[in-house]
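Please put together the full structure from these sequences, using the hints given.
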Amino acid sequence: MAYTAKAMLLLAVLGLAACNNPDRYGAGGPGGAGANGAGGIGTEGLGGPSDPNSVAYFNQTIGDRVLFLVDQSTLSPEAQTILAQQAQWLQSHADYAIIVEGHADEQGTREYNLALGARRASAVQNYLISQGVAAHRMRTISYGKERPVEVCPSEACFSKNRRAVTVLSMGAGA
Amino acid sequence: MNRLRQIFTAFVAVAALAAPAMMATPAEARLSITLGSPVVEPMPFALPTFVDEGGAGDLAAQISQVVASDLAGTGLFEQIPTTAYIQHITSFGAPVSYPDWQAINAQALVTGAVQASGGQVVVKFRLHDVFANAEFGDGLQFVGTTDSWRRMAHKVADAVYSRITGETGYFDSRVVFVSESGPKNQRQKRLAVMDYDGANTSYLTDSSSIVLAPRFSPTGDRILFTSYSSGFPQIYLMDVGSLAIRGLGEQPGTMTFAPRFSPDGRTVVFSLERGGNTDIYSLDTGSGQLSQLTNSPAIETAPSFSPDGSQIVFESDRSGTQQIYVMPARGGEPTRISGGAGRYGTPVWSPRGDYIAFTKQNQGRFHIGVMLKDGTEEKLLTASYLDEGPTWSPNGRVIMFTRQDAGGEPALYSVDVSGRNLRKVPTSGAASDPAWSPLLP
Chain W
1 MAYTAKAMLL LAVLGLAACN NPDRYGAGGP GGAGANGAGG IGTEGLGGPS DPNSVAYFNQ
61 TIGDRVLFLV DQSTLSPEAQ TILAQQAQWL QSHADYAIIV EGHADEQGTR EYNLALGARR
121 ASAVQNYLIS QGVAAHRMRT ISYGKERPVE VCPSEACFSK NRRAVTVLSM GAGA
Chain S
1 MNRLRQIFTA FVAVAALAAP AMMATPAEAR LSITLGSPVV EPMPFALPTF VDEGGAGDLA
61 AQISQVVASD LAGTGLFEQI PTTAYIQHIT SFGAPVSYPD WQAINAQALV TGAVQASGGQ
121 VVVKFRLHDV FANAEFGDGL QFVGTTDSWR RMAHKVADAV YSRITGETGY FDSRVVFVSE
181 SGPKNQRQKR LAVMDYDGAN TSYLTDSSSI VLAPRFSPTG DRILFTSYSS GFPQIYLMDV
241 GSLAIRGLGE QPGTMTFAPR FSPDGRTVVF SLERGGNTDI YSLDTGSGQL SQLTNSPAIE
301 TAPSFSPDGS QIVFESDRSG TQQIYVMPAR GGEPTRISGG AGRYGTPVWS PRGDYIAFTK
361 QNQGRFHIGV MLKDGTEEKL LTASYLDEGP TWSPNGRVIM FTRQDAGGEP ALYSVDVSGR
421 NLRKVPTSGA ASDPAWSPLL P
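Sequence order for the protein chains is W and S.
Position one of the first sequence corresponds to residue 1 (UniProt numbering), numbered consecutively onward.
Position one of the second sequence corresponds to residue 1 (UniProt numbering), numbered consecutively onward.
Check the hints yourself; a few may be wrong.
What the hints assert, rightly or not - Just some of the chain S residues that point at chain W, by a computed CB distance under 10 Å:
| hint | residue |
| --- | --- |
| 1 | 250 |
| 2 | 255 |
| 3 | 258 |
| 4 | 386 |
Rather than coming from a laboratory, the hints here were simulated on the basis of the structure.
We treat Cβ as the ideally placed atom computed from N, Cα and C, and that holds for glycine.
If you want it as C-alpha cells, here you go:
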C-alpha cells in the first residue's frame with residue numbers, strides 16, 4: 001500500500017543523492033535499502049546548510065538530534081529549543097516523512113537500552129506532535145546501543161550516543 | 001539435508017559394555033567431586049589416547065583430546081601429561097595395571113577405543129577408580145556417524161563427569177550467539193551456532209540486518225531472536241533444521257524484543273513497546289493468543305520462566321532504576337527481589353531452579369552475579385568494563401556471558417557458578433549474546 005510506494009520513492013531519492021552524512025548507516029530500512037538504509041537522505045543536490053529549504057539546513061543548521069542524560073529520556077531546555085525549530089521546519093515542509101531514531105550509549109544492557117531508545121524516540125515524537133507536526137508523518141525506531149555515532153569507552157562518546165535523531169525522507173504527506 | 005541438521009539429528013546410540021569377567025564391582029565409590037563446595041582441588045586424571053580398533057586413524061587421538069579438554073575445561077579435573085604414564089594401553093580389553101596409575105597419582109583413569117568404517121564410528125570407554133583398583137560404573141559404547149565424532153567425545157566426557165559429580169553433564173550441547181564484524185558504528189551481526197566449546201560454528205543468518213539475543217527452545221530445535229529485517233525490531237522464530245523463519249506476535253507500530261520460551265515450549269514471553277512504553281506479553285504459539293502480563297509506565301523486559309513454568313523473573317525500572325522482580329507466569333503483582341546497590345538486569349532462571357543469574361551495573365563496572373529466587377545470597381561472579389547477558393549451562397553449573405573490555409571487541413566467556421574457572425570461549429571473531437541449548441538427545 002502507501003508504505004510500499006513510500007519505500008520505493010525513498011530508494012529513488014537515495015539513488016540520486018549520494019549519502020554524505022557520516023552518521024547514516026545500513027540498517028535495512030523499511031524498503032530494504034542497503035548501505036544507506038533506514039530513511040537517510042543525503043545533502044548533495046538538495047541545497048547546502050544555508051539553504052533554509054534543504055535537508056542539510058534541517059540536519060545541520062537546526063540540528064537533527066537531541067541528546068540525553070544517562071538513563072534519561074527527559075528533554076532538556078536545549079533539546080526543546082531544537083525540537084521547536086524542527087517542528088516549525090517540518091510544518092512548512094510537509095512532503096517529508098519522519099522517522100525518529102532513539103539510541104543509547106553502551107553503558108547498559110542490550111534489551112534495556114532498546115527500550116530506553118524507544119522511550120527517547122517517543123519523547124521526541126510527542127514533543128513534535130505537541131508543536132503541531134502531524135502524528136501520521138512520524139514513526140519511531142529504537143536502535144538501543146547498536147548504532148553508536150562515536151566509538152570510545154568514555155563519556156566523550158557516550159554523551160553523543162545518547163541521542164534521538166529526526167531522520168527525514170521524501171514522500172510523507174501524500 | 002544441511003550440515004547443521006546432521007549435527008542436531010546425528011544418531012548417537014549408546015550401549016553398556018559388559019564388564020570384564022574378573023573385574024570386581026567396587027563396594028563403595030570413592031571417586032567423587034561435590035559440586036558447589038567452596039574449595040575444589042582439581043582431581044588428577046589420566047586419559048591415554050584411545051586405542052584404534054580399526055579405521056579410526058586420527059579420530060582416536062581427536063576424540064581423546066576432546067574428552068580430556070571437556071574434563072579439564074571444567075576446572076574440576078586436571079589431566080596428567082601423557083609423558084608421565086607408565087602403563088601403555090594398547091588394547092581396550094587388556095587388564096589395567098592400577099599400581100602404574102597410582103604411582104603417578106591418577107585418581108581417575110579413562111580408557112577408550114575407537115573404530116570407524118563406512119561413515120560410522122564406534123567409541124567405547126571405561127572409567128576406572130584407580131585407588132579403588134576397580135572400574136567405576138559400566139563401560140559404555142556410543143555409535144554415530146563420522147561427522148558427529150565430537151558429539152560422541154562430548155558424550156563420553158558427560159558420562160565421566162556425571163559419574164564423578166553425581167550430576168548431569170553439559171558438554172554435548174550447543175550455543176547460539178551473535179557473530180559480529182565490521183566497525184562498531186556500522187556493525188554487522190549474524191546468528192551463529194557452535195558447540196559449547198567453540199567448535200563447529202555454522203551461521204544461521206546473513207548479516208543484512210541487525211540480529212540480537214537469540215534463545216533456544218527447551219528442546220533445542222527452534223531459536224527465538226530479534227531482527228531488524230523488516231526495518232524495525234521484531235521477534236522471529238527459526239526452525240533449526242530447515243532454517244525457516246517466521247515472525248511472531250507482529251503488532252503494527254510496535255517493537256517486540258527479548259523473547260524467551262516457557263519450559264513446555266508452548267508459550268513465548270517477550271517485551272512489546274508501544275508509544276515508548278515497554279511491557280511484557282506472552283504469546284501462545286499454538287492459538288496465537290496474546291496476553292499482557294505487566295501494565296506499568298516503566299520499562300519491563302528480559303522475562304525468564306522458572307523451570308517449573310509457574311513464575312517469571314524480569315527486570316523493571318518502575319522503582320527508578322533497573323531492578324529484578326518475580327511474578328506469577330500469568331501476570332499479577334510482582335515482588336522485587338534485588339536489593340543491593342546499583343542496577344540489576346537480564347535475569348535468567350537456572351535450569352536447576354535454585355539461582356537467578358543477572359547482570360549488575362554498579363559504579364561504572366558490570367558484573368555477572370547470581371542470587372536465590374528470593375533475592376538472598378547475592379554473589380557477584382565477575383567484574384569488568386562490560387559483562388552482560390548470562391546464560392546457563394544445561395545442568396545449571398556454568399554461566400556463559402558477553403564480555404567487552406574498554407575499547408575492545410565483545411567475546412564470550414564462561415564462569416563456574418561458584419565464580420571459579422573464568423575462561424574465554426574461542427570464537428572466530430567478535431561475539432555476543434550467547435544462549436545455551438539443552439543437553440542434546
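Here's how the hints hold up against the structure:
no.	hint	verdict
1	250	violated, 14 Å
2	255	holds, 6 Å
3	258	holds, 4 Å
4	386	holds, 7 Å
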